[in-house]
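Protein sequence lines correspond, in order, to chains A and B. Note that this note's numbering gives residue 471 to position 471 of the first sequence, counting from 1, and the numbers run on in steps of one. Note that this note's numbering gives residue 697 to position 220 of the second sequence, counting from 1, and the numbers run on in steps of one.
Please note that a few of the clues may not be correct.
[Claimed, not checked] Here are the computed distance ranges between Cβ atoms for each label pair:
1) A:Asp75 <-> B:Val900: 21 to 27 Å
2) A:Glu282 <-> B:Asp561: 34 to 40 Å
3) A:Pro362 <-> B:Ala731: 48 to 54 Å
[Said to hold, decoys possible] With a straight-line cut-off of 30 Å between C-alpha atoms, the simulated DSBU-like cross-links for lysine-lysine are:
4) A:Lys312 <-> A:Lys44
5) B:Lys789 <-> A:Lys312
6) B:Lys521 <-> A:Lys364
7) B:Lys789 <-> B:Lys505
8) B:Lys841 <-> B:Lys521
9) A:Lys44 <-> A:Lys364
The hints are simulated quantities; they were obtained by calculation from the structure and are not laboratory data. Where is the CB? At the ideal position from N, CA and C, for every residue including glycine.
2 protein chains.
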Amino acid sequence: MDPRALYRPSLGLLTDLYQLTMAAGYWKLGMADREAIFHLFARKPPFGGGWAVAAGLGPALALLEGWGFDRADLDYLATLTGNDGGPLFEEGFLRHLEGLRFSCDVDAVPEGTLVGPPAPLLRIQGPLLQAQILETPLLTILNFQTLIATKAARIALAAGDDPVLEFGLRRAQGIDGGLSASRAAYLGGAAATSNVLAGRLFDIPVKGTHAHSWVMVFEDEPAAFAHYADALPNNCVFLVDTYDTVEGVHRAVAAGRALRARGHELAGVRLDSGDLGALAVEARRILDAGGFPDAAVVASNDLDEHRIAALKAAGAPIGVWGVGTRLVTAHDQPSLGGVYKLGAVRDADGAWQPRIKLSENPVKVSIPGCLQVRRHVDPETGFFAGDTIWSAHHGGPPAAQGPDDHDLLVPCFRGGQRVDEPVPLAVSRARARASVQRLAPADRALSPEGAYPVSLAPPLAAARAALVARAGKGDPA
Amino acid sequence: MDPRALYRPSLGLLTDLYQLTMAAGYWKLGMADREAIFHLFARKPPFGGGWAVAAGLGPALALLEGWGFDRADLDYLATLTGNDGGPLFEEGFLRHLEGLRFSCDVDAVPEGTLVGPPAPLLRIQGPLLQAQILETPLLTILNFQTLIATKAARIALAAGDDPVLEFGLRRAQGIDGGLSASRAAYLGGAAATSNVLAGRLFDIPVKGTHAHSWVMVFEDEPAAFAHYADALPNNCVFLVDTYDTVEGVHRAVAAGRALRARGHELAGVRLDSGDLGALAVEARRILDAGGFPDAAVVASNDLDEHRIAALKAAGAPIGVWGVGTRLVTAHDQPSLGGVYKLGAVRDADGAWQPRIKLSENPVKVSIPGCLQVRRHVDPETGFFAGDTIWSAHHGGPPAAQGPDDHDLLVPCFRGGQRVDEPVPLAVSRARARASVQRLAPADRALSPEGAYPVSLAPPLAAARAALVARAGKGDPA
């Protein structure tokens, strides 16, 4: 999905102001076109898990293709002032922005790829000014979609072979919070969404039947079910908990019989409150006894991967899982915390200089260089054995451990020209589903003992340690 | 902000599929224009607090003004199938959607108004089909913006007179997750945003200076500060923690002296890691000793209302607060959980029939009727004394307890025509700031002993109890 097809304004200003003030600084100092390398990565896996599912690249690359500033953007920037009341930006800088076209190289991990933080999801190499401004929109898109795709993959893993339906639009974070959540949820493993616009824009299957309000509108629940069956006979999943759930299932069976007499089938019942495990057993029993062994028991109500896993472990006969709030908001960790760090910059002589950001917290010390990620595949099991982050500036690739070892970042842009083929969302979804199955069983756990193993190639680790030692003395180069 | 100015596609499909299948059912049964009343409300205040700040109404009303389905929407709906492979929707229903124009009455709480759940934020009265479809987009917009405005109001309350800057775009939930978060954060009390597009679209002040990457690009930190001061002399807040924070403050003072010699002033330093309280004391001391008593100490790094309150209580000399992830994602409670419930529907004879949704959980039992919220204002203190939810169908308004008592929901649409004046965002922001100050001090606490007092008018409470008793027997009417 190209954000330009969704949004009317130019998205050039979709960035933090400090990116533009830094850009103005680089321009003023004659450094706008100084070549730099930035990496976008998450420092650790979300949700207490060991891995993430890369997502958001399609929309991010589409944004880069159309990136730039229009007249209204520049007119707005010209109105901004500094602390002396004078203009914040010089006219020459605004003219520079006006003529700007994206001209960077981008290498990135395809959507649906399983990744082990802190491996980079994306590397951008090109003019410092451009790469700097693009930090924010790239993070906005990749952070959120990777977060939600990962949550969806965890939920789908817990649900096993059962379909997961994403129902979250009403609790999503704004309109496109909902649209992009639906996209990422499907990519990560959801089977369908309730969000009709997302269905249309992204070609995602859509699902839905009726709410409590339908039942409340009619004189009683049997009438409500009968009327729904009359109107939409090929879409009958009755929501049975408006008044009394067990009674509701009996009424659904009665409506199902009338439906069958007309040549249609009851698709299922939905439980949306109460003790879902116990109610599912009772609903299953009533459906089976009533002659509807193929009608599904659908469950919803604040579900997530942990609740689904617990219900499955307890043997709840639930066949379809409706997941909303906790999926689209990533309820237990609503941000991935991905960052975008300078890895190297060319000096005035054109030589690459590695760069590092220090921190008292070792996980926050950045990784210098021009990074790539080598995935090692166990030749015997076919499982992903672990990844090695390596730098083309520091010793090159690690030795292959097997014939299926491969690098994860693939070329997307060269000199501002798109060089990859856009990938259909369903293909990325299939990749995500297959990737999770390539994890060793211990790594696949929702709360693994350790994260999926990711290490630095020894020459890169040594170069980083040397930079840390020098930077600690205030001399990063 | 009108969503039509932001989004290219028609937003008619921005809803859950089940709203459209129910709509098809109402149409099929000849009930599309049956009049109904729905209320949108949060069941309880977010974040363990006692109140919320209403937000999102402006965009929601703009969406209603332009609401409808275009040809592409209907073509898409025509492709959907049911469980027998046949079309889900009849052609007649799609033609009905094609001719649809918004024709409801809407009454709602103006943005920036302090509200006490479960008081309704919005009431819609009109054709059942329309009101049903609009449930999802109204919830999407009002839930999220109310959540973020409330979070911002709590953060601003903790920060007292200090400005709060919203820096969250990179961690926001998609592009418009970021745009609408910036809008709601400003409405709730933030002083500015880093999000330049939000600044342009919503007329919000924008702020920002430089990131770690600026410092990392140059040969060392003194050079980085000096270059920034050269390029942007009227926008100097130096980020001092790239290598060693205390050393960074000394370097900022040195750069500030050079800046002053050129006729400009150092605006401040920013701390983004470490022990913010201790570092702020040290930074303040160095700035004061260096001749910069007016330069601000700006703090950022995973701040929220609780961390700000703790730093303020400890006397940290921080003058400006940069808040990102925890504000724009509402980190500790990323969804408001607002709902939209049927209050009444006309029967075939045109008489209003109250409606209720039962639940084992008393807080989830809905409130029947045609609701309004009476705010009682203490005549002596001017503080908000509490609210009474009353129903025009059940006994009318409660007696005034003072001359400033007033109703919160105001007319916005009559028969599909907009009747209110759009309110500038800055006016809504001022209302929010003033409203919080009208809370009694005990109610203003971030973790109050009890929620802001909201009760049902006695006739409404009695009518609800009678409906609960009847509905428990499966006879809601």
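To see whether the hints hold, each was checked on the structure:
Between Asp75 (chain A) and Val900 (chain B) the beta carbon distance is about 25 Å. The supplied range of 21 to 27 Å therefore holds. For the pair Glu282 (chain A) and Asp561 (chain B), the beta carbons lie near 28 Å from each other, so the given range of 34 to 40 Å is not met. Hint check: Pro362 (chain A) to Ala731 (chain B), Cβ distance near 30 Å, so the stated range 48 to 54 Å is violated. Between Lys312 (chain A) and Lys44 (chain A) the CA atoms are separated by roughly 28 Å; this keeps the pair inside 30 Å, and the hint holds.
Annotation: proposed proximity of Lys789 (chain B) to Lys312 (chain A) is violated, straight-line Cα distance about 47 Å (limit 30 Å). Proximity of Lys521 (chain B) to Lys364 (chain A) is assessed by CA-CA distance (about 37 Å); at most 30 Å being required, the pair is judged violated. Restraint check: the Cα-Cα separation between Lys789 (chain B) and Lys505 (chain B) comes to about 61 Å, which exceeds 30 Å; the hinted pair is violated. Taken as a hint, the Lys841 (chain B) and Lys521 (chain B) pair is honoured in the structure, with Cα atoms around 10 Å apart against an allowance of 30 Å.
A threshold of 30 Å between alpha carbons decides the hint, and for Lys44 (chain A) with Lys364 (chain A) the separation of about 10 Å falls inside it, so the pair holds.
Against the hints set out earlier in the document, violations occur for numbers 2, 3, 5, 6 and 7.
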